[in-house]
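Participant: Note that the protein sequences, when read in sequence, are chains E and D.
Following the numbering used here, the numbering of the first sequence begins with 1 at its first residue and continues without gaps.
Following the numbering used here, the numbering of the second sequence begins with 1 at its first residue and continues without gaps.
Worth flagging that the hints you see were computed from the coordinates, not collected in a lab.
A portion of the hints provided could be inaccurate.
[Unchecked claim] Subject to a maximum C-alpha distance of 25 Å in a straight line, what follows is the list of computed DSS-like cross-link-like pairs (lysine-lysine):
#, chain 1, residue 1, chain 2, residue 2
1, E, Lys271, E, Lys27
2, E, Lys153, D, Lys250
3, E, Lys266, D, Lys64
4, E, Lys119, E, Lys94
5, D, Lys64, E, Lys193
6, D, Lys515, E, Lys238
7, D, Lys299, E, Lys155
8, E, Lys126, D, Lys134
9, D, Lys299, D, Lys64
10, E, Lys235, D, Lys134
11, D, Lys134, E, Lys193
12, E, Lys135, E, Lys316
13, D, Lys515, E, Lys181
14, D, Lys250, E, Lys155
15, E, Lys153, E, Lys46
16, E, Lys235, D, Lys250
17, D, Lys250, E, Lys139
18, E, Lys94, D, Lys250
19, D, Lys134, E, Lys244
20, E, Lys94, E, Lys181
21, E, Lys181, E, Lys244
22, D, Lys134, E, Lys135
23, D, Lys515, E, Lys244
24, E, Lys238, D, Lys250
25, D, Lys134, E, Lys181
[Stated by the list, open to error] Okay, the calculated bits of chain E under chain D, using three or more residues with CB under 8 Å as the criterion:
#, region
26, 71-81
27, 202-208
A quick note: this is a predicted structure, and the numbers were derived from the prediction, not measured.
Ideal placement from N, C-alpha and C gives every residue a C-beta, glycine not left out.
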Amino acid sequence: MKAFPLLSLLSALLAGIFCPSIQADDKEITLYTQRHYGFDEELHRKFTEETGIKVNVVKAGADELIARLQEEGENTSADLFMTADGAGLDRAAKAGLLEAMPDFAELKNVPEELKDVDKKWVAITKRARVLAYSKDRVKAEELSTYEDLADPKWKGRLSIRSSTNAYNQSLMTTLIAANGKEEALEWATAVRKNMARPPQGSDRDQIRAVAAGLADVALVNTYYVGLLENSEEEKDRKAAAAIKLFFPNQSNRGTHVNISGAGVVKGTDKKEEVTRFLSFLLSDEVQAMYPVNTFEYPVVSSVDWSDRQKEWGSFKADAVPLSSMGDLTAEAVRLFNQAGWE
Amino acid sequence: MNSAEITEGSADYPFRFRLSPPGRWGLFVGAVSLCVALPLFAVLLFLLQPGPEWAHLQSTVLIKYLGNTLLLLVSVLAVSFLMGVPAAWLVSTVEFPGRRFFSWALVLPLAIPTYVAAFVYFEGPEAAIPLLVKVRTQWGVDAFLACEAIIRYGLLILLLSSVLFPYLFLGARSAFLQQGRDVLEASRCLGSSPRRTFFRIALPLARPGIVAGGALVGMEVINEYGAVHFFGVPTLTEGIFRTWFGMNDKASALRLAAIVMIAVLVFLAAEKALRGRAHFTTENTCSHPPARRRLRGAKQWAAFVICLLPFVLGFLYPVIRLLTWAVSQVEAGSPVFPSVPAILRGTAVATTTAIVVTGFAALFAYAVRLRQSRSREMLARIATLGYAIPGAVVAVGVMAFFGFVDRSEVPGLPVLGGTLFAISFAYFVRFFAIPNQLSHAGLDRIGRGVEEASRVLGHGPLQTFLRVNLPLLRGPLFAAAILLFVDLLKELPLTMILRPANFETLSTSAFSLAKEGRMHACSVPSLLIVLIGGIGLFLMNRRMDSDIRP
Numbered sequence: 001m002k003a004f005p006l007l008s009l010l011s012a013l014l015a016g017i018f019c020p021s022i023q024a025d026d027k028e029i030t031l032y033t034q035r036h037y038g039f040d041e042e043l044h045r046k047f048t049e050e051t052g053i054k055v056n057v058v059k060a061g062a063d064e065l066i067a068r069l070q071e072e073g074e075n076t077s078a079d080l081f082m083t084a085d086g087a088g089l090d091r092a093a094k095a096g097l098l099e100a101m102p103d104f105a106e107l108k109n110v111p112e113e114l115k116d117v118d119k120k121w122v123a124i125t126k127r128a129r130v131l132a133y134s135k136d137r138v139k140a141e142e143l144s145t146y147e148d149l150a151d152p153k154w155k156g157r158l159s160i161r162s163s164t165n166a167y168n169q170s171l172m173t174t175l176i177a178a179n180g181k182e183e184a185l186e187w188a189t190a191v192r193k194n195m196a197r198p199p200q201g202s203d204r205d206q207i208r209a210v211a212a213g214l215a216d217v218a219l220v221n222t223y224y225v226g227l228l229e230n231s232e233e234e235k236d237r238k239a240a241a242a243i244k245l246f247f248p249n250q251s252n253r254g255t256h257v258n259i260s261g262a263g264v265v266k267g268t269d270k271k272e273e274v275t276r277f278l279s280f281l282l283s284d285e286v287q288a289m290y291p292v293n294t295f296e297y298p299v300v301s302s303v304d305w306s307d308r309q310k311e312w313g314s315f316k317a318d319a320v321p322l323s324s325m326g327d328l329t330a331e332a333v334r335l336f337n338q339a340g341w342e
Numbered sequence: 001m002n003s004a005e006i007t008e009g010s011a012d013y014p015f016r017f018r019l020s021p022p023g024r025w026g027l028f029v030g031a032v033s034l035c036v037a038l039p040l041f042a043v044l045l046f047l048l049q050p051g052p053e054w055a056h057l058q059s060t061v062l063i064k065y066l067g068n069t070l071l072l073l074v075s076v077l078a079v080s081f082l083m084g085v086p087a088a089w090l091v092s093t094v095e096f097p098g099r100r101f102f103s104w105a106l107v108l109p110l111a112i113p114t115y116v117a118a119f120v121y122f123e124g125p126e127a128a129i130p131l132l133v134k135v136r137t138q139w140g141v142d143a144f145l146a147c148e149a150i151i152r153y154g155l156l157i158l159l160l161s162s163v164l165f166p167y168l169f170l171g172a173r174s175a176f177l178q179q180g181r182d183v184l185e186a187s188r189c190l191g192s193s194p195r196r197t198f199f200r201i202a203l204p205l206a207r208p209g210i211v212a213g214g215a216l217v218g219m220e221v222i223n224e225y226g227a228v229h230f231f232g233v234p235t236l237t238e239g240i241f242r243t244w245f246g247m248n249d250k251a252s253a254l255r256l257a258a259i260v261m262i263a264v265l266v267f268l269a270a271e272k273a274l275r276g277r278a279h280f281t282t283e284n285t286c287s288h289p290p291a292r293r294r295l296r297g298a299k300q301w302a303a304f305v306i307c308l309l310p311f312v313l314g315f316l317y318p319v320i321r322l323l324t325w326a327v328s329q330v331e332a333g334s335p336v337f338p339s340v341p342a343i344l345r346g347t348a349v350a351t352t353t354a355i356v357v358t359g360f361a362a363l364f365a366y367a368v369r370l371r372q373s374r375s376r377e378m379l380a381r382i383a384t385l386g387y388a389i390p391g392a393v394v395a396v397g398v399m400a401f402f403g404f405v406d407r408s409e410v411p412g413l414p415v416l417g418g419t420l421f422a423i424s425f426a427y428f429v430r431f432f433a434i435p436n437q438l439s440h441a442g443l444d445r446i447g448r449g450v451e452e453a454s455r456v457l458g459h460g461p462l463q464t465f466l467r468v469n470l471p472l473l474r475g476p477l478f479a480a481a482i483l484l485f486v487d488l489l490k491e492l493p494l495t496m497i498l499r500p501a502n503f504e505t506l507s508t509s510a511f512s513l514a515k516e517g518r519m520h521a522c523s524v525p526s527l528l529i530v531l532i533g534g535i536g537l538f539l540m541n542r543r544m545d546s547d548i549r550p
């Protein structure tokens, strides 16, 4: 360890690290995103090719990003905030971190219920939280609603992930909205008791558990089934083949539909570029790409679903306003804690 | 540093008044400690002001978090003790087939991050499903649930121990090697059996090394986030995230962090108190390492198995599984390779940070030693506490700190939040303890003789450091830089929260793939972590070996 090679290595490293960030490029936007799908990177490349605008990405959990936006305040480098869950978007808007979007043509194609009244955010894709049940051990007639999962007949038969997960928290807010706090707590307590194992793993792992015979019913987002069916691992494709999807609560308020969406970060000086990015994501072309790549539903109603989504069938969606989700998240976590749902 | 503090001890070190410029070194020590202490004090402040959800936490989940944390702590410590200490004793005192190999290979599990081990061992609960289904049909749901819990907790404890035991192994091994032949031979000559010698002499004498290793294992367990989440065993660390982000209650979350920190402090203080005034060093530094007795017959194979088992569990098995996954990825024609420039940048940051922080630590340890005052010793101790705070808490503390700096708009200062500087600073706060402790130990071994000679011959303190101490410290500093580098390579929560745009490390890309349940896809970045870390550890180990036995 002579001093000279060490010093030259050090300075080379330092130069390599800091130089690229020094040359500022006007044609770029910075995205704080919770979305963690490989397909998003393809989209960003496509956008850069078409417009010459580079997309810088910071990936983390929605709430970590919110905390970061709050600390960075006016000095943040973020121009756009994206989540994989409506509640996170709503919390960012209510924390005053987002500003109203300028009008652009594609925004008008998004139905009113999928954007904020103050235009602080807009949905980019939709996903439904549904039941994945074993083809062999469960008949579709046995399933009905989310509420029914609390029935003792499911003891030791359910597989659901941790309540730390945003999808479960958002579902819980709709149960609070529909049935009130007390019933929601009873529901969570009973469902936790019915689980075949304590919550663990991702939505994919819940489907795998049903396929392997550990549980009979799992609660998952629709697109995970599509992703498993097209997985590079044979085990996953087999797991997807062993289950069927059921859209709960069709007889009453409808299935819980969550969104993945975006909002413009307050004080950005890249409004024009950000608007171009949003109109790109909401263009018919890109909207039609989501159903076949990430298996999410498009938000523009003129865009067709993928064949696989059509086979899952059309369904009635819960009409509870997305803006109520952010308010109820903390309450949802509190109830999960009380229910002992890890 | 005011001169009133420096009254004692001028007899044994007469030059410090005349030669060290008062203040400059003290300022340096103070500044470094302050940097590390800032997030720490922020956390402790919250002990006094409970957040709105505290009562709710206390009545619902707190006991569960505490229980799980304690259970993991105690059982992982016990299991890794059994894995690490006997093996360390064997490789340092007896001769058996494979001894040379194991004496370095048993360090390799350190290259495997706990969350990567968790991905691999998660196949266990999956493989157990048919068995569990059988239990359910035969003995009913309750027996099934009990079995499920036993398998899950058991595997989690096993996997954490298998990748963390090398800390104990390293601590115990260097202690055993330094004990020297004389005491052990004296014990044998006086008629003690080898077993009695081990339990009555070697083990008690090795206590500082074992405790230091155990403390590292304990802190890793307490700060563990990925594996426990994966196995559905919520501990205090997960509670911190959940309370902060899910319930939006920063104060209660930091109170949980303060509990973690205080637990660590109590643990460390208790050990110090128990040790009392006892000294564990052998005065005679020329003492030879113990001569190795050759084991024969069944005994040598028993020794072989005792060393082989932890190696297989902690390294060989995970690596083989990862390799099979990677191969199946390539065969399927869709290997997921992490983005190369981003990874290079991440690795470059880890390298630079490791070198710079180690340099700082060496200078810091030297500055503390330069003038032995109680306040400097206190500051030195504070500077090691970053390791006791969960990475996520350090991250948020650093984020808040730079947010404040950026808002106050100091003229000429660029925005620092969200930059590489911010994340490197956070690494510094979190990991300063590692190189700091190794530098201290290294300086202690050098002794003051050469240093004083240099000063008498007219060199200033800085020149003495650069021309005398630094060259002599090469070994320990090299080891420190490598250990730090491996830790940075594996680091997850802090990196996730603070990383600048387009900044990806091998660990973040492996973890986000695994979180999506794409186990085979995450094998490539995981293997790269193990490979790079493994090479580093191999080099470090060779160096340490040649240091101990020239």
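Participant: Hints first: check each against the structure and report whether it holds.
Facilitator: Here is what the structure says about each hint:
no. : hint                : result
1   : E:Lys271 / E:Lys27  : holds (12 Å)
2   : E:Lys153 / D:Lys250 : violated (40 Å)
3   : E:Lys266 / D:Lys64  : violated (40 Å)
4   : E:Lys119 / E:Lys94  : holds (12 Å)
5   : D:Lys64 / E:Lys193  : holds (16 Å)
6   : D:Lys515 / E:Lys238 : holds (20 Å)
7   : D:Lys299 / E:Lys155 : violated (52 Å)
8   : E:Lys126 / D:Lys134 : violated (39 Å)
9   : D:Lys299 / D:Lys64  : violated (44 Å)
10  : E:Lys235 / D:Lys134 : holds (21 Å)
11  : D:Lys134 / E:Lys193 : holds (20 Å)
12  : E:Lys135 / E:Lys316 : holds (23 Å)
13  : D:Lys515 / E:Lys181 : violated (31 Å)
14  : D:Lys250 / E:Lys155 : violated (36 Å)
15  : E:Lys153 / E:Lys46  : violated (50 Å)
16  : E:Lys235 / D:Lys250 : violated (41 Å)
17  : D:Lys250 / E:Lys139 : violated (46 Å)
18  : E:Lys94 / D:Lys250  : holds (17 Å)
19  : D:Lys134 / E:Lys244 : holds (24 Å)
20  : E:Lys94 / E:Lys181  : holds (22 Å)
21  : E:Lys181 / E:Lys244 : violated (31 Å)
22  : D:Lys134 / E:Lys135 : holds (19 Å)
23  : D:Lys515 / E:Lys244 : holds (23 Å)
24  : E:Lys238 / D:Lys250 : violated (43 Å)
25  : D:Lys134 / E:Lys181 : violated (38 Å)
26  : 71-81               : holds (count 7)
27  : 202-208             : holds (count 5)
When the structure is compared with the earlier hints, violations turn up for hints 2, 3, 7, 8, 9, 13, 14, 15, 16, 17, 21, 24, 25 and for no others.
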